[in-house]
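Given the coordinates of chain A, assemble chain B onto it according to the supplied hints.
Number of protein chains: 2
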Amino acid sequence: MYDTTLRDGSQGEGVSFSLQDKLNIAQRLAEIGIEFIEGGYPLSNEKDVAFFEKVRDLDLGNSKVCAFGMTRRRSMKAENDPGMKALVAAGTPCCTMVGKTWDYHATEVLRVTLDENLAMIGESAEFLAKHSEVLYDAEHFFDGYKANPKYAIETLRAAASAGAKWLVLCDTNGGSLPEEVAAITTAAREGLSDYDVQFGIHCHNDSELAVANSLTALDAGATQVQGTINGIGERCGNVDLIAIIANLGLKKPNYEVLGGRPLTQLTELSRFVYETANLQWRGNQPFVGQSAFAHKGGMHVHAINKAAKTYEHIDPELVGNERRILVSELSGRSNIEAVAGKHNLGEDKELMNKILAEVVRLENQGYQFESATASFDLLIKRVSGTFTPHFETIKYRIVAGDRDVENHVAFAEAIIKLKVGDTLWFDAAEGHGPVNALDAGLRKALTGAYPQLGEVSLIDYKVRVVDSASGTAASIRVNIESTDGKETWGTIGVSDNIIEASWRALVDSVEYKLHREAAASKPALAQTVGS
Amino acid sequence: MYDTTLRDGSQGEGVSFSLQDKLNIAQRLAEIGIEFIEGGYPLSNEKDVAFFEKVRDLDLGNSKVCAFGMTRRRSMKAENDPGMKALVAAGTPCCTMVGKTWDYHATEVLRVTLDENLAMIGESAEFLAKHSEVLYDAEHFFDGYKANPKYAIETLRAAASAGAKWLVLCDTNGGSLPEEVAAITTAAREGLSDYDVQFGIHCHNDSELAVANSLTALDAGATQVQGTINGIGERCGNVDLIAIIANLGLKKPNYEVLGGRPLTQLTELSRFVYETANLQWRGNQPFVGQSAFAHKGGMHVHAINKAAKTYEHIDPELVGNERRILVSELSGRSNIEAVAGKHNLGEDKELMNKILAEVVRLENQGYQFESATASFDLLIKRVSGTFTPHFETIKYRIVAGDRDVENHVAFAEAIIKLKVGDTLWFDAAEGHGPVNALDAGLRKALTGAYPQLGEVSLIDYKVRVVDSASGTAASIRVNIESTDGKETWGTIGVSDNIIEASWRALVDSVEYKLHREAAASKPALAQTVGS
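From first to last, the protein sequence lines are chains A and B.
The letter at position 235 of the first sequence is residue 235 when you use full-length UniProt numbering, and the numbering goes up by one with no holes.
The letter at position 456 of the second sequence is residue 456 when you use full-length UniProt numbering, and the numbering goes up by one with no holes.
Just chain A, same shape as in the assembly (with noise of 0.2 angstroms):
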């Protein structure tokens, strides 16, 4: 498993890592025993230059670093080259460096000759090879090969002549069908078959099939994937690797992957990556999407543990996700003893039930606690009677409307009544809207009393309709997420009114902090000065 999640991935569109994220997700690929990471291009900004230096501090045992540049420019020899020279700089184990298969790309965009291509490409093989272990991927295979198969041969064999130790066939425009990926990469080990040299695939999902391409690379005899956890990457992204790990070590039993460790981490994984990169999760993401084993109403739990195995291709369990019943009578069943556990309920069976009944009936209000864990908390603490309020709504308001019709500006105020103990606290605020007002009123009016929520902001906000079908008088469901700079924390609420559906989960946000400060140590007496 070769990862570039650092480097491919990151020409994802809106994905943007800091140096501290890319850090943290070399530490984590490791972990789960991915064999190379690929960390950054160093010649293109400074920020990978400076992976590269800090990525020497951490211990990623047996994986290897890798950096990735391009092969010298025409005219110059290699060792005066830039590129060269900040992949040298890199002190990886590795160096992953690309060039050009196709004569045309060669000719018509590079503007070189054939023969200077393949010499840019061994000189430049060479000179690395002093230096670390070298991967050649050859940009546009398959297209090149289409067209000129003699010379898309020649460039790998500059490449293995020059040191090369891996070849990896790239189907870099991801246009290319399996048939043509089987029959390619056979014709490429035949054309080497006197390199002592290992093949790698690198597929991009342009036409949905990279998942297959690098399956069948692997079956005609390549033994590397470069992917990008959960296939995040440019245009329609790379190859995700979570997807090629769980069908070749559940799928394929001629295949060891991650070293023979289990893939119970594959789940977690690929949240915290999304988590880094600030994306959406993809719910329907094969195998470690939170719909990947969700079983929609009418169907009884008992038949589904009677005979998982009829609606479920694998144990969920063994990439780490888990198994959902949406919407019948025992929806997040996993949940509450996930959660149970993590709240020392123990064996305490009615309470397990009265927990479960409040999730019924919450979930048929349109309620959903996937990422609203921090509401789910206060849930459990609130049935099982530990939950003490911070502080109680007397009353809040909201007026908005125009005001500037012509240019369409709209204002929003808020006017928030709290009782903190026995003292009241009376605030108002303005916003972009009446959320934004709303939010800026309660930590407004609360920050007397618990100036801790200075902290506290809200990095997202999502509205969604439940019931779309009784136009504007449908269920809104908001969610929240949270961050006081340390941790993030998602609260949701749902009402057919969207200020008070916010409301809650701007309430819940807020009794999550102080409730997690309160068992962190006693807290402090509210101070009774009013506002």
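Some hints could be false.
[Claimed, not checked] The calculated EDC-like cross-link candidates involving lysine to aspartate or glutamate, where the alpha carbons are at most 16 angstroms apart (straight line), are:
| no. | chain 1 | residue 1 | chain 2 | residue 2 |
| --- | --- | --- | --- | --- |
| 1 | A | Lys-252 | B | Glu-180 |
| 2 | B | Lys-395 | B | Asp-348 |
| 3 | B | Lys-417 | A | Asp-404 |
| 4 | B | Lys-309 | A | Asp-103 |
| 5 | A | Lys-395 | B | Asp-404 |
| 6 | A | Lys-309 | B | Glu-108 |
Derived from the structure by calculation, the hints contain no laboratory data.
Just chain B now, kept in the frame of chain A:
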């Protein structure tokens, strides 16, 4: 192509179609040239029963509507079985009937003998074949074949001998690999070689192989693919028919799809279905995603123009999509040209450019006109100077808050002040939430001047946070669908204030209705009695 978006697709988490949604989608599927349109499961709910009644009024060209159901229950005659009766009552030209292939599933879950299972398949097919063309969906065919190949083939023979014209091999759990699908499809054809039947393939995407599995089954002799638009469906979804159509139509010259029609409507169809299902678009979806042909900055447009094929596996226009150079957008052109035709804008290049500029400006704010064609019509009128407003907003206000904090009872009230001609209208209304109140208030204030607005009601309301990175200050996109009982139309509003966004969508909805009537006949003079 056999589309089951309206049945299997609606099993997807978070997917719920109204009756009108289903009819709209059926119409689009027919227009694009889908041969079979599975409309629902009439035994399971009233909405699907109503669909099969209403769909008869649509002109679907050569497309055939299919009703879905199960084989008869055990120990019951087919003609007495409620499911069988519901299928016949649907009155469709085709019925799709699902039955059990897997011996384990029949004996352990259904608790019937293997012989009774065969009788259930055969008698059900025989009964249905008297009324319509019968398609037999062989549930778990690949798992069943692996467990007991002889019995699996017998189930197909039971259906074929009773008159089923199509045998559809289902990878119900989505766990099969392409090599298995190829071998087992071939075996099924051989096992049925003495029958004049055709084969279909029905794949789920649990292993991220649904597209590859479907293509390989076609290569092995199947001639029908069952799938959904955008691959929506239970768990990881069904196969995405968009990717199937595009791969077959653009990459496999031996196949003809959509009766030879061009594929340029695929992108619009994809987005229409997402909007109707109120799902986020999948940005990196192959062929039709917003990012599918997006190239990140730093790359010269010049270079892409010179050698697009070095970056793109197909010309994006072939599927109605477009290249995007991130940071400089030209989205919406295909829409504009399509709609321009409808409005007889003819060759007015200058007007086209002005419309284009306005669309780009609004899309940058978060507007999307795919399912808001009424707002788009009004945009064209506004830009071309043919828009005369039917009323002027003087003021709108909403007030909302808690009525009963303890029981989470909230209230919302709207105050509306408008001018029609020289007459001021002022009114107020309550609602379940602020938007519901605004809607009621707007119509109430206008009914004096335009009594025909009494016929109008909202049938759908959708809220989406466009940029959720800035918490509650994010932009909010509101989509509204309205009806007057004869026609339905969609409008849109975007603002950082949900109240303002909703107001814009509501105003467009009313203006669209009034303009359409004004175009049909000279409008009556507004009445002059204020309220």
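Status of the hints after comparison with the structure:
1. Restraint check: the Cα-Cα separation between Lys-252 of chain A and Glu-180 of chain B comes to about 11 angstroms, which is no more than 16 angstroms; the hinted pair holds.
2. Annotation: proposed proximity of Lys-395 of chain B to Asp-348 of chain B is violated, straight-line Cα distance about 37 angstroms (limit 16 angstroms).
3. For a cut-off of 16 angstroms, the pair hint linking Lys-417 of chain B to Asp-404 of chain A stands: about 14 angstroms separates their Cα positions.
4. Between Lys-309 of chain B and Asp-103 of chain A, the direct Cα distance comes to roughly 13 angstroms. Compliance with the 16 angstroms bound is thereby established for this hinted pair.
5. Taken as a hint, the Lys-395 of chain A and Asp-404 of chain B pair is honoured in the structure, with Cα atoms around 9 angstroms apart against an allowance of 16 angstroms.
6. In summary, the hint linking Lys-309 of chain A to Glu-108 of chain B is supported, as the alpha carbons are separated by about 12 angstroms, within the 16 angstroms threshold.
Checked against the numbered hints above, the structure violates only hint 2.
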